[in-house]
Amino acid sequence: MNRLTFTLLAALAIAVPLSLLAGRVWIDPFDPQTTNAAIILLELRLPRACLALIVGAGLGGAGATMQGYLRNPLADPGLFGIAPGAALGAVLSLWLGAASVWALPLFALIGAGGAMALLALIAGREGGVALFTLAGMMIASLAGALMSLAISLAPTPFAMSEIVTWLMGALADRSWRDVWIAAPLTVAGLALLAATQRSLDALTLGDITARSLGVNPRRLQWLIIAGIGLTVGASVAVAGIIGFVGLMVPHLVRPFTDRRPSSLLLPSALAGALLLLVADCLCRIMPLAGGELRLGIALSLLGAPFFVHLLLRMREGRA
Amino acid sequence: MMLAALDLGIAGRLAGITASLRPGEVTAICGPNGAGKSSLLTCLAGLLAPEAGSVTLAGAPLLGLDPRQRARAIGYLPQTPEIAWDVSVEVLVSLGRLPWPDPGNAAIDGALAAMDLAHLRGRAVSRLSGGERARALMARVLAGEPQWLLADEPLANLDLAHSAALVRALREQAAQGRGVVLVLHDLAQAMNHADRVLVLDQGRLVADGPPAAALSSEAISATWGVEARWLGEPGGMALALTGS
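Protein chains in written order, with the working numbering: chain A, 8 to 326; chain B, 9 to 252.
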């Protein structure tokens with residue numbers, strides 16, 4: 008285990024217990040008298056912390072893989088249209104007023120699967136990156152348009168406000184059920200992404216050299232579609248759209264690695280988990296009239312200036 | 009083990025090329041711009057499927073080989089290589105080991121030494137000169153210890169001394185029994201350093217033989233349309249244009 012991984016694990020070991028204690032009601036570990044402490048810990052904060060770790064790890068790992076695959080430090084898992092596809096599924100379930108607690112995540116996963124299938128269909132057999140990216144962006148804009156349509160045609164004002172709120176992304180009011188949905192899918196997705204890492208290293212030298220090093224571009228593309236689909240689909244299903252994690256985290260981690268794409272996956276997953284855990288915790292304790300700051304909004308507020316900073320650095324040729 | 013192109017054809021680019029390349033030799037592919045040199049090399053590397061004919065490695069069709077098995081046998085350096093991430097020279101060279109299960113530290117050290125890069129192993133590729141970068145990319149191919157080394161214009165960015173050093177290193181690879189196939193546009197380099205020259209013109213193989221025959225003044229006149237004659241001693245020949 009290298010130093011970076013060890014540092015991130017140590018930071019997580021400190022952050023997880025702290026995050027359990029922090030919130031509207033602070034729990035003093037040395038004073039077991041806090042009202043409902045056990046319920047708050049076990050039924051609210053622990054599943055929420057688990058979800059932050061799972062979603063963050065999935066988005067961080069997906070971002071690192073996307074940047075390696077596209078050989079572009081500006082790539083983000085949202086780029087392939089899988090997150091918007093999943094969001095569209097979720098929006099549809101809210102629009103239809105599907106009542107079951109399983110309906111929303113299920114619809115979101117179906118949306119992610121549909122986006123993945125469409126992506127695979129359009130991208131074709133060649134495994135070329137340019138067509139693939141364009142196809143993803145097309146799916147993303149189509150899903151975005153359909154979501155706007157669903158909002159504008161919402162059957163009731165209540166459904167409309169539910170859709171808009173959900174799209175902002177959050178980990179508030181989640182339960183163990185969401186953990187059981189997200190955990191296996193994210194783990195499976197990350198395992199698929201782990202299988203792409205040697206190929207991504209080879210892609211550092213470009214498409215044709217990667218092929219000369221034995222990379223099968225078609226197989227790689229399938230693994231990427233399935234891996235990103237599972238991690239991002241699972242995260243949207245339980246938390247809504249949480250942007251910028253997949254973009255920011257690999258950047259923050261890259262300078263501490265040897266810059267091979269494969270050196271980035273594990274630290275990005277750990278750093279993504281840490282970022283989301285800390286950000287969610289800050290959202291929870293930030294005093295805000297009318298409830299808590301939505302995690303998706305907080306990360307976008309953080310992410311947009313970061314993105315600009317990145318672009319300026321690239322302009323100066325230092326990224 | 010032979011690498012053979014059997015009656016290759018690609019619409020508009022290559023037609024009817026048949027050649028058997030031998031290990032232990034440096035083979036140069038020469039020809040005017042657009043003659044199909046790079047296409048032939050990518051076909052020989054198994055990265056471009058010909059529309060007609062096939063490329064075989066030790067008798068087996070190259071395209072039927074498992075990609076990783078092919079990658080172990082054939083190292084390929086494209087004409088305009090890219091390096092997407094700012095890795096160190098050592099990491100770059102280690103990418104040549106990807107087709108192999110073992111990290112091959114000895115092979116990496118050997119490749120760094122052969123390309124005179126041992127003192128730069130920790131340097132980021134963005135801080136290399138054009139020549140150092142070209143050597144690092146060649147070291148990446150050498151680190152994979154392939155039986156065949158295929159390189160497209162490997163000498164293009166190198167100064168005199170490093171060009172000579174790279175030629176020496178490639179000759180050593182050939183002496184160790186590897187097959188070396190280079191696309192060269194500089195005919196003097198082909199004349200002085202190759203054992204065999206394939207001359208392409210408009211996708212056809214117009215000459216195949218030892219450099220003195222394949223690149224004779226008459227052959228140059230016929231293919232490149234310029235009058236030229238060779239000056240100097242074997243191994244140190246220079247081409248002088250004589251007519252207009």
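Any given hint might turn out to be false.
Stated by the list, open to error - Pairwise CB distance ranges, derived in the manner of DEER restraints:
| id | chain 1 | residue 1 | chain 2 | residue 2 | range |
| --- | --- | --- | --- | --- | --- |
| 1 | B | D15 | A | S155 | 51 to 59 Å |
| 2 | A | A137 | B | Q77 | 27 to 35 Å |
| 3 | B | Q77 | A | M321 | 38 to 46 Å |
Quick caveat, the hints were computed from the structure, so don't treat them as lab data.
Here a beta-carbon is modelled for each residue, glycine too, at the ideal position from N, C-alpha and C.
Results for each hint:
{"no.": "1", "hint": "B/D15 - A/S155: 51 to 59 Å", "in the structure": "58 Å, holds"}
{"no.": "2", "hint": "A/A137 - B/Q77: 27 to 35 Å", "in the structure": "29 Å, holds"}
{"no.": "3", "hint": "B/Q77 - A/M321: 38 to 46 Å", "in the structure": "39 Å, holds"}
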